[in-house]
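K.L.:
Here's the letter readout for the chains.
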Amino acid sequence: MRSRLWVQVGCIALTLFMGIPIYLIALAALSSRKSLNQFPLPLSPTRLSGETMSTFLRSTGIVGGLLNSLTIGLSTVVLALVIGLPAGYAVSRYAFRGRDPYQIVLLLTRALPIVVLSVPLARIFLDTGLYDTTYGVTLLHTALALPTTILITSAIFLGVSREQEEAAMIFGASPLTAFVRIVVPQALPGIAASAIFTFVLSWNEVLGASILTLNRRTLPAQVFATLADSPLAFRFAGGLALVLPALIFIAVVRRYLLNMWSTTLR
Amino acid sequence: MAGVTVSNLVKTYPAGSRRATDDVCLQVEDGEFLVLVGPSGCGKTTLLRMIAGLEIPDSGTVTIGGRDVTALPARERGLSMVFQSYAIFPHLKVGQNIGFGLTMRKVPKREWQSRVQRAAELLDLVDYLDRYPAQLSGGQRQRVAVARAIVVDAAVLLMDEPLSNLDALLRMQFRAELKKIVARLGTTTLYVTHDQAEAMSLGDRVAVMRDGRIVQLGAPMDVYDRPEEKFVGSFLGAPPMNFFTATVQDSRLVVAGRSLPAAHLSGWPDRTVLVGIRAENIEVGAAEGLTAEVEVAEPTGAAVLLTVRWGADELKVQTGPAFRAAPGDHIRLTFPPAALRFYDPETSLALPTR
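Protein chains in written order, with our numbering: chain B, 1 to 266; chain U, 1 to 354.
There may be inaccurate statements among the hints.
Said to hold, decoys possible - These stretches of chain B come out as covered by chain U in the derived footprint (C-beta under 8 Å, 3 or more residues): (1) 111 to 124; (2) 157 to 166; (3) 172 to 179.
Simulated from the structure, these hints should not be mistaken for laboratory data.
For every residue, glycine included, the Cβ atom is placed at its ideal position computed from N, Cα and C.
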């Protein structure tokens, strides 16, 4: 009983740790500019105003950046899954030559700082016409997300027994059908987890996106470039605009994190 | 309906040094129930998986219903299978699990429902069609796996140790039920097990495997009664067959200075032979028998199993349930000549009787 109590306490503490800053940012972003300068600061949402947010959203490049960020984030999720799922499947199912080195090399791609990667990438993208496009940034983010996508999904695929796929094939499924109808539904929690991870990674990535674009900035890149010179209220508005979409995405995908049939079979 | 012919199948796993199946030939008749039995690692599951199309043989052919299917993927072989781990799909309801093969074959909805319903009735699953497998017991999951396999009316049914995950009582019950269902369907069936009792009770014929080869193939009672190899005698039957060495002298067997009457011995004068006899064929109590000392007496209900010391050899003897003996007692044993089997001590193969 006591240990359970402590777990509860721990959970509440953790939730507050994550929740309070978000609450404060939201509060500041949704208050009028005047009330921000009051002392002491009101901690309850008594004087809400959309003034700060609407000014922020109307300023140059913000809505465009939001759309760019969403496009890049969602395309990165799709692309990373399209490439990463088969790779994760191969790592989990087949004992091919060089499998272990392959897994290490995967992780090594994350060992290079993004700045180091971005400059030569910008050069290549300039030559190939990918510079300052959402595709270019999507490619970079996909490359960054692939290692985790592959490692997470391969661990999940290990949990689906090979015999289930074989059974599907005995009863008339092609290997692809068996994968889509039998393996993927059972791997949904892992796929959801890696999708969240990928989206948040892409949403938060600033450096690469800043270097690889000029006019088609993602929201973080845009905020990063302009907000240093902005008034305090705008920074809070930017913070909220950065946090909210990621939270919504996580909330939507979260239900796949739990198995809908609640237990798995050996 | 179709027979299955396997010719010269060879398979070596990349990691293994010896062959998993070594030039196996096998002919399964249309409608026959054939059991592949052997200790673990004997290649029986590999053989089944090659017939199923889940493993590719190094060489040799598999023919189903006269059609060479060696190069065909599993889904085009027109067969059906029950897996050891059941391999039912946890994210599909029982009904969808049973009907999976029909869904893949794009069977019309009405027919789909009536066939799933019929299979569910056959296996007492009607009340569970809308549940997820996680809500079923182990025995019920096994039933789902069998229902899924029979609903497609495949020409050949393969079973890979389907009962091995059930507890002993359930296994006995389901064994009889399975035999009834398969007999009613009349499907050609290949059944893999390591359990000799299952093999004996289910098969029209039994193929005993060892080290990638079929060492003996025949009707269960024939294989049990006349093992062609010492290995078969000691693998089939509980307790295993007794073996002891003896010398042939004047058409009698001499064991440690005592002699027994025996038949068919004229061909091997003065030779050492390995003699095999089943525990239930040794008779106890006759006045002129050979004396042996009881070491252990185990009443099993239907019989009493004795472990006796007879000269240098230890023998298992099965007597009627009324027999009473305590360790240390001396009893008299008779070996009926017709029940004796003879083996070459070097090759362990049966000596040809004439």
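K.L.:
Decide, hint by hint, whether the structure agrees.
P.N.:
Going through the hints against the structure:
1. Check on the stretch 111 to 124 of chain B: 0 of its residues sit with their Cβ under 8 Å from a Cβ of chain U, so the three-residue criterion for coverage is violated.
2. Against chain U, the stretch 157 to 166 of chain B contributes 4 residues with a C-beta closer than 8 Å to a partner C-beta. That satisfies the three-residue criterion, and the hint holds.
3. For the stretch 172 to 179 of chain B, the stated coverage by chain U is satisfied: 4 residues place a CB nearer than 8 Å to a CB of that chain, which reaches the threshold of 3.
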